[in-house]
Structure formats: C-alpha cells, structure tokens
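Asks: This is what each chain is made of:
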Amino acid sequence: MSNLLQILKPKTKAQTTTLFAWALIAPAALVMFWIVVWPLYETFRLSFTNSNLGTLMSGADYVGWENYEKAIGGRKFPSIVTRTFYWMFLSVGLKMILGLIGASLLASNIRARGIFRALVMPPWIVPIAIGCFGWLWLYNGHFGLISNFIEMVGITNGPFSFLAYKQSAFYSAIVTDVWIGTPMVTLFFLAAIQGVPKDLYEAAYVDGASRWYRFRRITLPQIMPTIVSMALLSAIWTFNSFEIIWILTEGGPRGATTTLIIDTFKTAIFSYKFGAGATRAVLVVLILGVFSVVYLSVLNRLNQRYGYSGVQK
Amino acid sequence: MMDKYTLLQKIGIYFSLALFILFMLLPFVEMFIASLRPLTHLFSRPDVPLGETMTFMDFMSRFYSENMSFQAYRDMWVTVPQLPRYIFNSVFLSSAVTFFSMCFIVPAAYAYARFNFRGKTLSLTLFLAVNMFSGAVLLIPLYKLLRMYGLLNTYWAMIIPGVAFLIPTGIWLLKSFLEKIPYELEEAAFVDGASRLYTLRRVILPLAVPGLIVVGVAMFIGAYAQQFLFAITFNQNRDYMPLPAGIFEFIGYQDVLWNEMMAASLVGILPVLLIFLFMQKHLIAGLTSGAVKE
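Protein chains in written order, with the numbering used here: chain A, 5 to 317; chain B, 5 to 298.
It should be emphasised that the hints constitute simulated quantities derived from the structure, not laboratory data. Using N, Cα and C, we set each Cβ at its ideal position, and we do this for glycine too. Just so you know, not all the hints are guaranteed correct.
Said to hold, decoys possible - Straight-line distance between alpha carbons at most 27 Å, and here's what the computed DSSO-like set of lysine-lysine pairs gives:
1) LYS17(A) with LYS124(B)
2) LYS277(A) with LYS80(A)
3) LYS148(B) with LYS277(A)
4) LYS202(A) with LYS148(B)
5) LYS285(B) with LYS184(B)
6) LYS14(B) with LYS202(A)
7) LYS14(B) with LYS285(B)
8) LYS124(B) with LYS184(B)
9) LYS17(A) with LYS184(B)
10) LYS74(A) with LYS148(B)
11) LYS124(B) with LYS202(A)
12) LYS170(A) with LYS148(B)
Unchecked claim - Which chain B residues stay away from chain A? Per the calculated CB distances, all over 12 Å, these:
13) MET72
14) SER105
15) ALA192
16) ASP196
17) ARG242
Just chain A, with the same shape it has in the complex (with noise of 0.2 Å):
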C-alpha cells in the first residue's frame, strides 16, 4: 500500500499538473465511460447473440456473425445504405448552400440586421420534435398550406398528401432536416466571414474585383476550413438524423425514408430484436467512421495539392 502511495505521488511540478488535470477530468471521463464507452462495448458484443426481449435477463446465446451476414445479406440493405448515404449528401449539400446565402445576406452592410440574424435562429433552438408537428401540418393533404398553395398555383388540380408516396414523402423529410440544420450551419459561416481581415476586401477594392470576385477569391477560401468542418460535422448529424423522419412519416411510405438509423430504432426497439439492431448499430459507427476518416485523407490529399488550408487547426 505505502508502495503504490510513493508511486501515485507527484514527484515533479508536470506531474502535479497533470494529476491534478486528470482529478478534474476524471469525472466527466467517468460519465462518458459508463453512458457512451461501456455501452458501445456492449453493442458491439450483443451484435453477436440473438439477444431479444425473452432473452433480456438470461442471457442470450452468441451466435457469431449470423445477425451481420442476415443484416448486409438482406434484401432491404443495399438500398437502405444507398437511401442513407442519398439523404445524408443531398441535404448537407442543400444546408451547406443554404447557409453560405444565408450568411453572407447576413454580413452585408444593410439596416436591423441583428433582428434578421435573430429571425433565423427558431429552427435550431426549438425541439426537433415540435418543430415537425408543425412541418406535418403544412405537408397535409387536403388542409395543409403547401397543398393548397400549388392547387391554387396550378401544378396540381386536387389535394396531394406529402406524406403519402414514396417520392414526395422522401424529398419532403430532406425540406424539413435542411430547414432545422440550416439556421446553425448559417450562424457559424456568418461569424467566420464577420473574422475574415477587412483589409483583404479593401485591398481588391481598391483593385477593381468586383464583389462576386471578392466572395469567390477571399471570402470563400478564408472561411473554407469552417465550411469544411461543419460539412463533416452536419454529415454526421444527418446520417444519425432520427426525430424527423420518426415523427413525419416513421420510415414510411413501404420504407422510403427508411435509413439505417431508423432501421436501428424499428429493428431493436420496435420489434425487439436487440441483437439484430445491435448489428445494425455497430453498422452505423463503422460506415460514419469509415466516411470521416475518407473525408479526411481526401481533404488531405486536396490540402496538400492546392494548398487550400482545409482543416481547422
């Protein structure tokens, strides 16, 4: 005991720090380790048992890789990965753009533009889930505003459900995630073009660029390193993206808005199948880590050949 106390003891000034770092560390270590690191270890281990809601306090029997051979043999899963990966490129791509609009409206030189800045925000600061109550509405058929607005317009002659076919109800799940991930991606574009040095823009000024020169060559590669982390950051966010298509149309219609997240849900929590969605799961970390660590090199590789600084120190 007096052994381990000499070797636990500080015995230089860096030491003392870092013991002290640690002590304050530790326990939010500790709950990261019990809520997100032990739990992961458990999916990881039950992805390999028929664990289900009999089996829950018996224990279930390993059964190798029976659920990932059912799980990427399956019929659906081809097309849910493509479905997911579709989702997650199209409406990150459409929040990316969004956002680069919408700050640089923000950072221009006009009147009241903190109350406009301000107005932009309700989309991310509302639950996800109240948000989509309201989104179900507007996509209804025979009552809802968007219905009836193209009726009146003319590119329908009758009601149409959003909701209700495989297309409409897709590309309307993509309008509602890019309208609550827009107003963060815009807020973080706008602060990074509000630090570009103003002395750049004076200098082409004086120049001659012209303002689409100026956005094109200063402003967009001096905030090219945000705009590339918060593409990752929102890719990720959309691959997990769970409450919206759960609350608008749970998968549906016949699997259209079915992606590998609410596959997870409807497999584990639905149907009870715990080992099954486990597989499912531990699916998901490996296709978003096998996609950061790509995303990364590529950027890498793109940093190294045109020396773009792409990412954030």
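Following the hints, put chain B in place on chain A, whose structure we already have.
Replies: Structure of chain B alone, referenced to chain A:
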C-alpha cells in the same frame, strides 16, 4: 465606399433575406394561424367546385375565419389534462440536465483551458468523438443499463443520457471561454499563496460567470431539444413525460386536434424562445467564438 450598394442591389438583398427568413419562420406562422382557427374551419378545404381550379381568393380563405379565437389555448388543457404536467416535466428535465452537466463540464473545461498535461489532445479528441454516436445507436445497451439500475420510467432515465450527450459540446464551448481569462491573474493568486482549488473558486469562477451563463443556456436549449428520443424509449410513465412526447396525445382518438396541438406546441416552446430572446446576442457570440480562430 466598398460597402455601399446600388438601389437594385439593396432590393435584391432585402428580397432574398425575406425569402430566407420566410422559409425559416413559415412553419411557426402557419402553426400560429392554425391554433386560432376553429376545427371546422381547419377541416374545410377551400371550396372548389368540381372541374374548376382554386383561385387566389379560395386559397386566402384558408387563413381567415370569422370564428377565429384563442379558444384552442383554453380547450387544450381540457383535452389533455396532463398538459401542465408535460410542460413542467420538460422544463424540469432540462433544468436538471443543465445542472448536472455543468457539474461535470466546469472542472473538465477548466483543466483543458489551463493546463498542459499528458493525454490532453487525445482525451479531448475522444470527448468530441462522442458526437459521432447519436443516442439512437446506443439505445439498446442504455435500455439494459437503466433497467439494471431500476431507472426505467423515472426522470433519471431521461436525465442521465441527456447529461452524457451534452458534456462533450459543453466542455468544448466553455473551454474557449476560459482560455480568454488571462493566466497572470491565477499566477498572482498562486504567488499570494492561494491553493489551486481556492484560485478556481475565488479568482476564475467569478470572471467566468458570463461564459458559464452562455454555456448553461446553450445546455438548457440543447436539453430541451433532445428530450424526445429518450422519452419515447426509456419512459412509459405519463407522469414523467416531457412535452414533445405528450403532444402525441392530440393525435389519435378520432381526429387530430390540430388547432389545440399547435397551440400546445407554441406554448411549450415559449420557455426556450423567451430565454433565447433575452440571451440571443451573448448566445450567438458565445457559440461561435470557439469556431472562429484568429
């Protein structure tokens, strides 16, 4: 000079901004209008005789009815008698999550902002990597975990995961605030013989109050927003249900009581909207300060 616009440019900017904001606010406006319309009016399609097209006036008639009133804001408490309870639960859960998460965030953020130590970068990266796992991925083991401790269907079932998933972001945000407090102040305290803990409590914390408030408010808003998933999976007890889950009670029976549902939604988001209104300047500055490095 450079920031001057021609009239046409100005119109362009305002017009585009208006469109942008219309997209952002349309659902709320439509929710509010729906909450005022009587149910019979909500469920009456603009009258279009067969074979004729809907005119602009037909379309506009959906926004207005002579019987518009705040009746739904009174009726909703009768339709869903538990509504006050749900709103209380929402606020209570978010407050509890904010309180507990701050207890973990403050010391950790201080350590990251102040000291250089072994494993600093690695552990910070690991914290942030948690953002990659949404709650949905970890639901099954979390369910088992909470069940093991007998915490299913209690407030804890929603507080514990809520706290865990906010800690990384909180540490990251607060760290960038604390980094701005000059280190010399601490050194001065040390020289005067103050202990580390005393310095943290008496020198750093008072200076960090604005940062703490911003991070606290951000945590509250985050907690308010993320209640839904944990509520529908870990809690079956209606007494503990937060508002987003409780609102589902307006759907069902026979019709969806859209006007009352929208009224309840709007009342339910009032707490966060008010906090945001008062804090928006500091909040926006605080949230983005970590993202932009000079």
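Asks: Each of the hints needs a verdict: does it hold here or not?
Replies: Evaluated hints:
1. LYS17(A) with LYS124(B): Holds - the C-alpha atoms of LYS124(B) and LYS17(A) are around 16 Å apart, at most 27 Å.
2. LYS277(A) with LYS80(A): OK: LYS277(A) and LYS80(A) at ~17 Å, within 27 Å.
3. LYS148(B) with LYS277(A): holds (13 Å)
4. LYS202(A) with LYS148(B): Cα-Cα ~55 Å, so violated.
5. LYS285(B) with LYS184(B): Between LYS285(B) and LYS184(B) the Cα gap is close to 19 Å, so the pair holds against 27 Å.
6. LYS14(B) with LYS202(A): holds (21 Å)
7. LYS14(B) with LYS285(B): Within the cut-off at roughly 25 Å; holds.
8. LYS124(B) with LYS184(B): holds (19 Å)
9. LYS17(A) with LYS184(B): holds (24 Å)
10. LYS74(A) with LYS148(B): Holds, at about 24 Å.
11. LYS124(B) with LYS202(A): With Cα atoms ~35 Å apart, LYS124(B) and LYS202(A) exceed 27 Å; violated.
12. LYS170(A) with LYS148(B): violated (35 Å)
13. MET72: holds (15 Å)
14. SER105: Label violated. Min Cβ-Cβ 9 Å, cutoff 12 Å.
15. ALA192: holds (18 Å)
16. ASP196: Answer for ASP196(B): holds, closest chain A Cβ roughly 18 Å.
17. ARG242: holds (17 Å)
This entry does not satisfy hints 4, 11, 12 and 14, going by the numbered hints stated previously.
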